[in-house]
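Could you build the full structure based on these sequences and the hints that come with them?
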Amino acid sequence: MIKVNDLIKSYSIDGQKFWAVDNVSLAIGKGDMTSIVGHSGSGKTTLLSLIGGLTKPDSGSIVVDKENLLAMSDNELSTFRNRKISFIYQFSSLIPTLTVLENVILPTVFGKQQPDGVAYARELLAIVGLENKMKVYPSQLSGGQQRRVAIARAFINAPELVLADEPTGDLDEETEEEMIGLFSSMNKNKGVTFLVVTHSTELAKRLGRQFKMHNGRIEEII
Amino acid sequence: MSRLNITSLAVKNLRRKIVRSLLLFLSVTVVTGTLFSATIFISSMQNALKIGTYRLGADVLVVPEKYAADARSALLAGEPTSFYMNRDILEKVKSVGGVKKASPQLFIKPTSFTCCYNVNAFLVAFDPTSDFTITPWLEKNLKKPLSGNEVITGRGMPVMAGDQISFFGTLFKVVGTMEPTGIKFFDQSIFMTMDAAYKMAEDSKTKSMQPISLSKDEISTVLVRVEEGIAPDRVAIRIEHDVDGVRAMASDEVISTVRKQLMGLLKGILIISALLWILSLLMMGFVFYMIVNERQRELGLLRSMGARKKHVFGLIITEAVIISGLGGIAGLISGSAILMIFKDAILQHLKLPYLLPQMTFLVELVLGAVIFSLLTGILSSLFPAVLASNMEPYEAIRKGE
Ligand SMILES: Nc1ncnc2c1ncn2[C@@H]1O[C@H](COP(=O)(O)OP(=O)(O)O)[C@@H](O)[C@H]1O
Ligand SMILES: [Mg+2]
Chain A
4 MIKVNDLIKS YSIDGQKFWA VDNVSLAIGK GDMTSIVGHS GSGKTTLLSL IGGLTKPDSG
64 SIVVDKENLL AMSDNELSTF RNRKISFIYQ FSSLIPTLTV LENVILPTVF GKQQPDGVAY
124 ARELLAIVGL ENKMKVYPSQ LSGGQQRRVA IARAFINAPE LVLADEPTGD LDEETEEEMI
184 GLFSSMNKNK GVTFLVVTHS TELAKRLGRQ FKMHNGRIEE II
Chain B
1250 MSRLNITSLA VKNLRRKIVR SLLLFLSVTV VTGTLFSATI FISSMQNALK IGTYRLGADV
1310 LVVPEKYAAD ARSALLAGEP TSFYMNRDIL EKVKSVGGVK KASPQLFIKP TSFTCCYNVN
1370 AFLVAFDPTS DFTITPWLEK NLKKPLSGNE VITGRGMPVM AGDQISFFGT LFKVVGTMEP
1430 TGIKFFDQSI FMTMDAAYKM AEDSKTKSMQ PISLSKDEIS TVLVRVEEGI APDRVAIRIE
1490 HDVDGVRAMA SDEVISTVRK QLMGLLKGIL IISALLWILS LLMMGFVFYM IVNERQRELG
1550 LLRSMGARKK HVFGLIITEA VIISGLGGIA GLISGSAILM IFKDAILQHL KLPYLLPQMT
1610 FLVELVLGAV IFSLLTGILS SLFPAVLASN MEPYEAIRKG E
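Chains as they are written, first to last, in this note's numbering: chain A, 4 to 225; chain B, 1250 to 1650.
Don't take every hint at face value.
Stated by the list, open to error - Part of the chain B face toward chain A, derived, beta carbon under 8 Å:
id, residue
1, Lys-1261
2, Asn-1262
3, Lys-1448
4, Met-1554
5, Ala-1556
6, Arg-1557
7, Lys-1558
8, Leu-1581
To be verified - Pairs of lysine-lysine, DSSO-like flavour, derived with a Cα cap of 27 Å:
id, chain 1, residue 1, chain 2, residue 2
9, A, Lys-59, B, Lys-1648
10, B, Lys-1648, A, Lys-215
11, A, Lys-59, B, Lys-1558
12, B, Lys-1422, B, Lys-1465
13, A, Lys-138, B, Lys-1266
14, A, Lys-20, B, Lys-1266
15, A, Lys-138, B, Lys-1261
16, B, Lys-1648, A, Lys-87
17, B, Lys-1343, A, Lys-115
18, A, Lys-115, B, Lys-1559
19, B, Lys-1558, A, Lys-69
20, A, Lys-136, B, Lys-1261
Claimed, not checked - Label pairs and their computed distance ranges (CB to CB):
id, chain 1, residue 1, chain 2, residue 2, range
21, B, Leu-1271, A, Ala-161, 33 to 43 Å
22, B, Leu-1611, A, Glu-126, 52 to 62 Å
23, A, Lys-208, B, Thr-1256, 22 to 32 Å
24, A, Met-75, B, Thr-1256, 23 to 33 Å
25, B, Lys-1266, A, Tyr-14, 30 to 40 Å
26, B, Thr-1256, A, Lys-115, 15 to 25 Å
27, B, Leu-1524, A, Gly-132, 51 to 61 Å
28, B, Leu-1271, A, Lys-115, 32 to 42 Å
No lab work stands behind these hints: they were computed from the structure. Bear in mind the structure is a predicted one, so any value in this text is a computation, not a measurement. All residues carry an ideal CB built from backbone N, CA and C; glycine is no exception.
Put into structure tokens, the structure is as follows:
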């Protein structure tokens, strides 16, 4: 599903060059559930963004679902993201002017709109336990509830790959358990591939392979 | 649930900062309103000028030298006035080369209606035998010449055919009213024959508290129609050369002085409007730049969900188009309202008649104003929209806080 080779992404700060992602190679199979751990600043978010085609590397190659991301035009990349990749961010990522339900169906606006988009959105919201908050605005939700909406949104376009950055960071144990259950069932029933950055040992345990990042470099923990 | 799309996203965004949206809306309203009302105003003035001379039917107007200014305001603004010169000027004018027809008229400024009205009426007496400006109308509508104490009145007078009105102690019978012209000289005037006017003046010495001092050998003006193929202003120059003590105004000249004033006004309005427009373009551009900056993360998130550059671009432009479109429509409405409210005051000040431009022109103007305001929106948000759509999604999301 993901094949990354010799990936390098550097930034210059005050003329000083440093490598946020330093020569990373990685291969993740279809249907894998993989976690990445590492201190903050070690390059985890940058790596996810590279794999999701949100930014370009200095060098190296990124192949997702057999497609070479670096050879795609911006439009092709957008469509690819819309159909195949979903992001769950570590910060609140809901649009404040849209209701919970509208936030969940938002990704469908930029692709071929399925006729049952709204019905599926309701279903997903029910799964994350927010079926009675659909008409509510994000500001009226707690941080944990907002996170659950973002998780529901990640599945609306039936993605093949979910890139999640600390998806359970602000959830209580019980809710975290429910979300892990949702990830597992999406993985089992729909074959969704997960690449998850997390500090939660609970979550890491439930996922398969585990990687650790340090100063932009990555190694697999066996 | 209403359908979610770029337009509804734009509307929701505009509602988020309602005060800011209102400000933008108002600035477009002001600019469009100003330009719209100014254009209508100026074009109606020019219209009035054209029709004014057309209806007047004379190519050259000969008046006493001292009263040129009065004559101009009498004809263009219907400002009642009286001035007189000797009748032998008529014969002298007739003998000037290039003059085809010449006919005298008398202007008498009444002190007030003797009965009850207090209208700014203006008495105009013409000579039925030589007249070529009023008679055609009589022939067409009345089908008989005026006789004795019969008068016809402009549409602006509060009388009807069959009514009796008295001036300076003489009773007149209204036999007809003219069509509305929008020109005060016609709409506020009462037309009678020269004979009737002289008789009224004579009788006023015994019948009226305010007698007219007018003798039979006095006239106010000579209206001239020139020979075909000769320029009125050439004839006017000849008349002034050949006849002493008169001022001969080609109808074009009457208009051109007013037009000069108008052009000055037009320039002023245009400069102000252009400045206003540039100002509001800059303001809108700046505000949309702020909007894009402020929403960087959201726009980046949309991109990560699969929004294309054109979606982000379209979202920003749509917001601008909605605001400026609504602003444009509000500008049209408020511009028309202002025109209506201040019409009379402005006209009083400029001493000009007023005529609405033609319907087709109005439609063009309304369409033009709407397109103009939309263009304002698009132009001002173009740069921010391009900027927004070209942001790298990851950078936008990272820096957006
Ligand atoms: N756009 C950028 N400009 C400058 N430095 C950046 C940029 N993006 C990331 N970085 C730096 O790269 C390093 C890795 O960042 P990140 O991938 O967010 O780490 P993590 O997600 O593991 O905390 C950090 O030191 C961060 O400050
Ligand atoms: Mg991070």
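Verification of the supplied hints:
For the restraint placing Lys-1261 (chain B) at the interface with chain A, the shortest Cβ-Cβ distance is roughly 4 Å, inside the 8 Å limit, so the hint holds. Hint status for Asn-1262 (chain B): holds, given a least beta-carbon distance of 6 Å to chain A, under 8 Å. Annotation: Lys-1448 (chain B) was flagged as interfacial toward chain A, and the flag is violated, the nearest CB pair being 82 Å apart, outside 8 Å. With a least beta-carbon distance of about 4 Å to chain A, the hint placing Met-1554 (chain B) at the interface is held under the 8 Å criterion.
With 8 Å as the threshold, the beta carbon of Ala-1556 (chain B) comes within range of chain A, its nearest partner Cβ sitting at about 5 Å, so the hint holds. Interface hint status for Arg-1557 (chain B): upheld, as the beta-carbon distance to the closest one in chain A is roughly 4 Å, under 8 Å. The beta carbon of Lys-1558 (chain B) is positioned within 8 Å of a beta carbon in chain A (closest approach about 6 Å), and the interface hint is therefore held. With its C-beta approaching chain A no nearer than about 29 Å, Leu-1581 (chain B) sits outside the 8 Å limit, and its interface hint is violated.
Simply put, Lys-59 (chain A) and Lys-1648 (chain B) have alpha-carbon atoms about 16 Å apart, close enough for the 27 Å limit, and the pair holds. Under the criterion of a C-alpha separation no larger than 27 Å, the hint pairing Lys-1648 (chain B) with Lys-215 (chain A) is consistent with the structure, at around 26 Å. A distance of roughly 16 Å separates the Cα atoms of Lys-59 (chain A) and Lys-1558 (chain B); the hinted pair therefore holds under the 27 Å criterion. A hinted pair counts as satisfied when its Cα atoms are at most 27 Å apart, and Lys-1422 (chain B) with Lys-1465 (chain B) qualifies at roughly 22 Å.
Pair hint Lys-138 (chain A) plus Lys-1266 (chain B) holds up; C-alpha atoms about 21 Å apart against a cutoff of 27 Å. Proximity of Lys-20 (chain A) to Lys-1266 (chain B) is assessed by CA-CA distance (about 40 Å); at most 27 Å being required, the pair is judged violated. A hinted pair counts as satisfied when its Cα atoms are at most 27 Å apart, and Lys-138 (chain A) with Lys-1261 (chain B) qualifies at roughly 15 Å. For a cut-off of 27 Å, the pair hint linking Lys-1648 (chain B) to Lys-87 (chain A) stands: about 25 Å separates their Cα positions.
Taking the CA atoms of Lys-1343 (chain B) and Lys-115 (chain A), the gap is about 86 Å. The hint is violated against a cut of 27 Å. The straight-line distance between the Cα atoms of Lys-115 (chain A) and Lys-1559 (chain B) is roughly 16 Å, inside the 27 Å bound, and the hint therefore holds. Taking the CA atoms of Lys-1558 (chain B) and Lys-69 (chain A), the gap is about 24 Å. The hint holds against a cut of 27 Å. Taking the CA atoms of Lys-136 (chain A) and Lys-1261 (chain B), the gap is near 19 Å; set against the 27 Å cutoff, the hint holds.
Checked against the hint of 33 to 43 Å, the pair Leu-1271 (chain B) and Ala-161 (chain A) passes, with Cβ atoms roughly 41 Å apart. Against the hinted window of 52 to 62 Å, the Cβ-Cβ separation of Leu-1611 (chain B) and Glu-126 (chain A) comes to about 55 Å, which satisfies the hint. The hinted window of 22 to 32 Å between Lys-208 (chain A) and Thr-1256 (chain B) is violated, with their beta carbons roughly 47 Å apart. The beta-carbon spacing between Met-75 (chain A) and Thr-1256 (chain B), approximately 28 Å, falls within the hinted interval of 23 to 33 Å.
Take Lys-1266 (chain B) and Tyr-14 (chain A): their Cβ atoms lie about 33 Å apart, and the range 30 to 40 Å holds. Separated by about 18 Å at the C-beta atoms, Thr-1256 (chain B) and Lys-115 (chain A) satisfy the suggested range of 15 to 25 Å. Distance hint check: the CB atoms of Leu-1524 (chain B) and Gly-132 (chain A) are about 58 Å apart, consistent with the given range 51 to 61 Å. For Leu-1271 (chain B) paired with Lys-115 (chain A), a C-beta distance near 37 Å keeps the hint of 32 to 42 Å intact.
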